[in-house]
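A.B. asks: Chain residues, written in single-letter form:
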Amino acid sequence: MIDGYVIVSAVTLASIYGLLAIGISIIWSSLGMLNMAFGFTFAAAGYGAWYAAQQFPDSAAAVLAGGILTGALVGALVCAVAFIPLHDKPNFTVRALIATLAISLLGTQALLAVFGPRVKALPKVFGPKTFELTEDVVITADKLGSVASSIVLLLLVLAWMKTSRRGLEIRAMMQNPEGAALVGIGVRSTAFAVMAVTGALAGLAAVLLSQTYFVSPYSGLLPLIKGLIVALAGGLGSVSGALIAACLLGFVEAATSAVLGGQYVLITQFALIIAILLVRPRGIGGLLDETRE
Amino acid sequence: MQHEILKVSGLSAGYGPLRVLHDLDLSIHAGERVGIVGLNGHGKSTLFRAIAGLTDWQSGSVLLDGVEVGGKRSQGPGRHTHRIVRRGLALMPQGDAIFHGLTVAEHLDSGAYTTAAWRARRERREQVLEIFPPLRKLLDVPVGRLSGGERRMVSLGRGLMTDAKLYLVDEPSLGLAPKISKVMIDALMRINLDHGAMVIAEQNLSLLEGRVTRLLGMHGGKLKRGTDLPIGRNAAMEI
Amino acid sequence: MSAPEDTPVGGWRNPQLEHDPARAKVRPVLSAVGRRRWWFKLKGGGDRLWRRVRYPFTRRTVLRIRGEYNPKTLARERTVVDKRPIWWLIGLTLLAVLPPLSGNTSLLSAATIFAIYASINLVWMLIIGTAGIFSLATLAVVGASAYGAAWLSIQHGLPWWGMISTGAGLGLAFGVIVALPAIRLEGFYYALLTLGLVELCRVYVVQSKVFGSATGGLYGADTYVPEALQDSDGAVLLGYAAAFVMLLAMLGLYRLVNGQRLGRLLRTAREDEAFAEAVGIGYDRARVQVFLISSVALGAIGGFYASHFKGVSPSIFSTDQLLLMLAMIVIGGIGTAEGAVVGTLIVVLLDKLLIEWGPMRLVLIGLIMLGTVLFTRGGLFGIKSQFRAWRERRKSERRAARTEKGGEVVPEEATDIHDKQAIYYRRQDKLIRDYLRTLVTDELIEEHRRKPLGQHSEALERVLNYFRRGPVPDKYAVMAIKPFEAYRVVALAGRRGVPPRLVDDRVYPTLEEAYHAVFLRRVNDLLES
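Protein chains in written order, with our numbering: chain A, 1 to 293; chain B, 1 to 239; chain C, 1 to 529.
It is possible that some hints are incorrect.
Stated by the list, open to error - So, partial list: chain B residues that the calculated Cβ filter (under 8 Å) puts toward chain A:
{"id": "1", "residue": "54"}
{"id": "2", "residue": "76"}
{"id": "3", "residue": "85"}
{"id": "4", "residue": "93"}
{"id": "5", "residue": "99"}
{"id": "6", "residue": "100"}
{"id": "7", "residue": "101"}
{"id": "8", "residue": "110"}
As the list claims (entries may be wrong) - Straight-line C-alpha distance at most 25 Å; calculated PhoX-like pairs for lysine-lysine:
{"id": "9", "chain 1": "C", "residue 1": "72", "chain 2": "C", "residue 2": "420"}
{"id": "10", "chain 1": "A", "residue 1": "89", "chain 2": "C", "residue 2": "384"}
{"id": "11", "chain 1": "C", "residue 1": "482", "chain 2": "C", "residue 2": "451"}
{"id": "12", "chain 1": "B", "residue 1": "222", "chain 2": "B", "residue 2": "72"}
{"id": "13", "chain 1": "C", "residue 1": "395", "chain 2": "A", "residue 2": "89"}
{"id": "14", "chain 1": "A", "residue 1": "143", "chain 2": "A", "residue 2": "120"}
{"id": "15", "chain 1": "B", "residue 1": "137", "chain 2": "B", "residue 2": "179"}
{"id": "16", "chain 1": "B", "residue 1": "72", "chain 2": "C", "residue 2": "395"}
{"id": "17", "chain 1": "C", "residue 1": "384", "chain 2": "C", "residue 2": "395"}
{"id": "18", "chain 1": "C", "residue 1": "209", "chain 2": "C", "residue 2": "310"}
{"id": "19", "chain 1": "A", "residue 1": "162", "chain 2": "B", "residue 2": "137"}
{"id": "20", "chain 1": "C", "residue 1": "430", "chain 2": "C", "residue 2": "475"}
{"id": "21", "chain 1": "B", "residue 1": "222", "chain 2": "C", "residue 2": "430"}
{"id": "22", "chain 1": "A", "residue 1": "89", "chain 2": "B", "residue 2": "72"}
{"id": "23", "chain 1": "C", "residue 1": "25", "chain 2": "C", "residue 2": "430"}
{"id": "24", "chain 1": "B", "residue 1": "182", "chain 2": "B", "residue 2": "137"}
{"id": "25", "chain 1": "C", "residue 1": "430", "chain 2": "C", "residue 2": "395"}
{"id": "26", "chain 1": "C", "residue 1": "72", "chain 2": "C", "residue 2": "43"}
{"id": "27", "chain 1": "A", "residue 1": "124", "chain 2": "A", "residue 2": "143"}
{"id": "28", "chain 1": "C", "residue 1": "352", "chain 2": "C", "residue 2": "310"}
{"id": "29", "chain 1": "B", "residue 1": "222", "chain 2": "C", "residue 2": "395"}
{"id": "30", "chain 1": "C", "residue 1": "420", "chain 2": "C", "residue 2": "395"}
{"id": "31", "chain 1": "B", "residue 1": "222", "chain 2": "C", "residue 2": "475"}
{"id": "32", "chain 1": "C", "residue 1": "420", "chain 2": "C", "residue 2": "430"}
In case anyone wonders, no lab produced these hints; they're calculated from the structure.
Here the structure is a predicted model, which means the values were calculated and not measured.
We put the beta carbon where it would ideally sit given N, CA and C, even for glycine.
With the rest of the complex left out, here is chain A (with noise of 0.2 Å):
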């Protein structure tokens, strides 16, 4: 039943995964906060890139750059409103969680309330072209261009994390805030870098998926669900069990679909990440901590 469909729908699914839950990953690692104004920040560039194809109905770089564009500023904006009043203040986590909770509520009303329930559709941004990887698997141009251009983004943010002076300051942050003040690294400035960066990878994926789907107020919610349990199978905060755990559910997704059915892809993807967590409670990245200690 493995065949080469499964196998292309697997990768694009982990690729997408990958890079909801690459950007809930970073921010625990770096803030301490879990960003359940993910979400949101998706809707609401899904419909920065649905305004740019408005005003500009040809381009398909308009499309991207909107939805981009809009994710990065809506991250900025949850950061101002939910990071920068509460990071030092007692009990921050629990908190930021619950504020972070609440832009997602008033930020998909207000979306409601100003778009109306009705879904818009974004235009194909790689055009209606199609594929023949073999003669039964068939790909669209959609499908190739968005794992192409996931895949190529995650391993420009791997990399931006391992080797650039903004990598190093936000893994000295997760390590210790204080110390990181004190090489000078300053909490509010890089909270704002990495939530707009994190909200620009949101944004590329609302564009991304909503070639598929389309864009709602509710959009955000699925995959802001998606983007978390891979992101908690992973082990929060770490980036590369992120992407195994993307892998590992991005198979179970499309294996379960052409086994079982679409109904039961939720259900059997639960049971492996209560599976994975019952065994290691602290996720995928966990287990590689305590390898390498």
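Given chain A, work out where chains B and C should sit, using these hints.
C.D. replies: Using the frame of chain A, we list chains B and C on its own:
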């Protein structure tokens, strides 16, 4: 008289209801190496933390190279620390290295975080490795797996990665064997200060005696300068 | 009569006979002290204090009353330490009376929804506040039992009382499943997992034919409203009465779990988990017990929900509903029963009164929730203590900034010191020390070094007299290691049975040198203060 790097006047600071520093005055000039000697709990570390803006509250003026970095503050410890650090302060805190999960090389690089220093970090790292040769073999090892002495070297080396105007070294010998303490102080003495200055807080007077430009005593949150006091009071100080 | 030749006399002036312009100019500094807390005092006391109202069959009093003497008039008076029972009584009476009296059916049905949500939130508060498990699956448990009960009622004709009890059983089963990961996972991992579980339930119910994917929910379950009352105002009134009784039951459950053994165990254990385990408190066990008890209660509420609405729709699993419930407990303040009830009241009122605003009313609720979490530590009911803590912090910081080491008592501190004599003692002590400090000179120290014992000059005698009077704790003393050969300086502990501690490692060959060393230490301390 040399150019004044640090001028602290009327500095009081503390944590919550506890007041640790009492109207403290201090002035450090370029090229000086100053030792601050005092027992545990008399405010040496708090003085350093107050200069870096890390205490719960503080009042009084702190001029770092002529720029006011102190002032009255009752909240937000550490909120301005990174700005003070960028003005040329290198604080090497008491105890361990600060980032346990980073490797030695990354840890040293993090010390050169400011834009200007980041470009020159490789040359700078070489210089630090010359001061602390044992670190050369350990560059790829996570800091958490080093021994106490090696960690202290990393911590000091991290502070030396930038051309700071003012180095504040908090208890470089704490918890180390006497021999290694000596090595640490020797390394600190070998550093070329140029136009900067260095303040070393230490409990062990004998490690610093005769090797620093000036020696100050700290007692109950106040500074006592040895040379300024009359002989009788000085004798009382030495006990 | 002239003084003996070796008694120095020079250098001392009597300060009382001299005019010091600097001292004459000193004006007292008046600074804001702040008010002390005001308490409402009841008159009387004596035997009236002992005639307290107690809950039947227990020793627990309804009101905690403290008897005391008024420090000024010395009259007996009583203070109500915890006024919350009074507020509960007033609030619950109003809730019981006002909605039925208003005669407004829509208000009454809104009040019914409030009572149901408040019951759910109370139980949720047990899970989050008492057990410390950040679970978002509360509504999932309610919804699952409601679906189960409704399905059984529709398919197998289960009566309404059966629905409530089956609901409780289903809640327990669901709770066991949900509690399994809670033992292993840390707070946030668990919160995220349960959020996913809610979504899983919603997707499953929406897609499942058995649970009415075609009709948008399960409808037609049995209800506790009798046939005769159906679709009349009486049905609404009965609904409110039933929901209110359930709210009271859940309040009782909250009190029982949070205020009794389990709650106390958990509150103790939260301070230090490892220590609690070491002294035999089964922390995890107690948490799971609370979770399971709560799940049973949630299941019962689910059964009631299904029988009240004669069915259930998938919207109970929607994220918006979940966030709305979270808004309720966050606004009220996590960890208190009154927070759960009042928060629910505020949100339900906004939600029902501003119904014509459409989605904007949820935006408003979101804004209130955001504001609450940004500015308060414990919601509405934490504001008072947060304000007090803030004021205390400012007060103590200001006090610390002005306190001089060994100086006078600052006014804020003086209001807190009960023994007023201590204040005047400190003031006198400071005056003396300020004066003695002016006497310490090199000659004085030299004089003591030459002759630690015997007759001294006036100034040295004054200094030594002050030192002799010092309090025993931390007083320096000489310890003979070997008489006439080796002495050391020690500091007395000042407590019976605690040996003195060594001050340094110096050894003095003669007693005189040791005396002088003690003197130097005391002079040093005098100059420092």
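A.B. asks: Does the closest beta carbon of chain A sit nearer than 8 Å to the beta carbon of residue 99 of chain B?
C.D. replies: Nearest chain A Cβ about 4 Å off; hint holds.
A.B. asks: Does residue 100 of chain B pass the interface check with chain A, least Cβ-Cβ distance below 8 Å?
C.D. replies: 6 Å, holds
A.B. asks: Taking 25 Å as the top limit, are the C-alpha atoms of residue 222 of chain B and residue 395 of chain C close enough?
C.D. replies: Distance ~23 Å between residue 222 of chain B and residue 395 of chain C Cα, so the pair holds.
A.B. asks: With a cut-off of 25 Å on the C-alpha distance, tell me whether residue 430 of chain C and residue 395 of chain C pass.
C.D. replies: 23 Å, holds
A.B. asks: Taken at face value, is the distance from the CA of residue 137 of chain B to the CA of residue 182 of chain B at most 25 Å?
C.D. replies: Cα-Cα ~22 Å, so holds.
A.B. asks: Is the hinted pair residue 143 of chain A and residue 120 of chain A satisfied, with a Cα-Cα distance of at most 25 Å?
C.D. replies: Distance of about 19 Å is within 25 Å: holds.
A.B. asks: Was the hint right that residue 110 of chain B lines chain A, CB cutoff 8 Å?
C.D. replies: 5 Å, holds
A.B. asks: For the pair supplied as a hint, residue 352 of chain C and residue 310 of chain C, is the alpha-carbon distance within the 25 Å limit?
C.D. replies: Roughly 21 Å between the alpha carbons, so the hint for residue 352 of chain C and residue 310 of chain C holds.
A.B. asks: Quick one, are residue 162 of chain A and residue 137 of chain B close enough, alpha carbons at most 25 Å?
C.D. replies: Holds, at roughly 21 Å.
A.B. asks: Using the nearest Cβ pair, does residue 85 of chain B come within less than 8 Å of chain A?
C.D. replies: 4 Å, holds
A.B. asks: With a cut-off of 8 Å, does the beta carbon of residue 101 of chain B approach a beta carbon of chain A closely enough for the hint to hold?
C.D. replies: Hint holds; residue 101 of chain B Cβ to chain A Cβ min 5 Å, cut 8 Å.
A.B. asks: Keeping to a limit of 25 Å between CA atoms, is the pair of residue 72 of chain C and residue 420 of chain C held or broken?
C.D. replies: 14 Å, holds
In summary, this structure violates none of the numbered hints.
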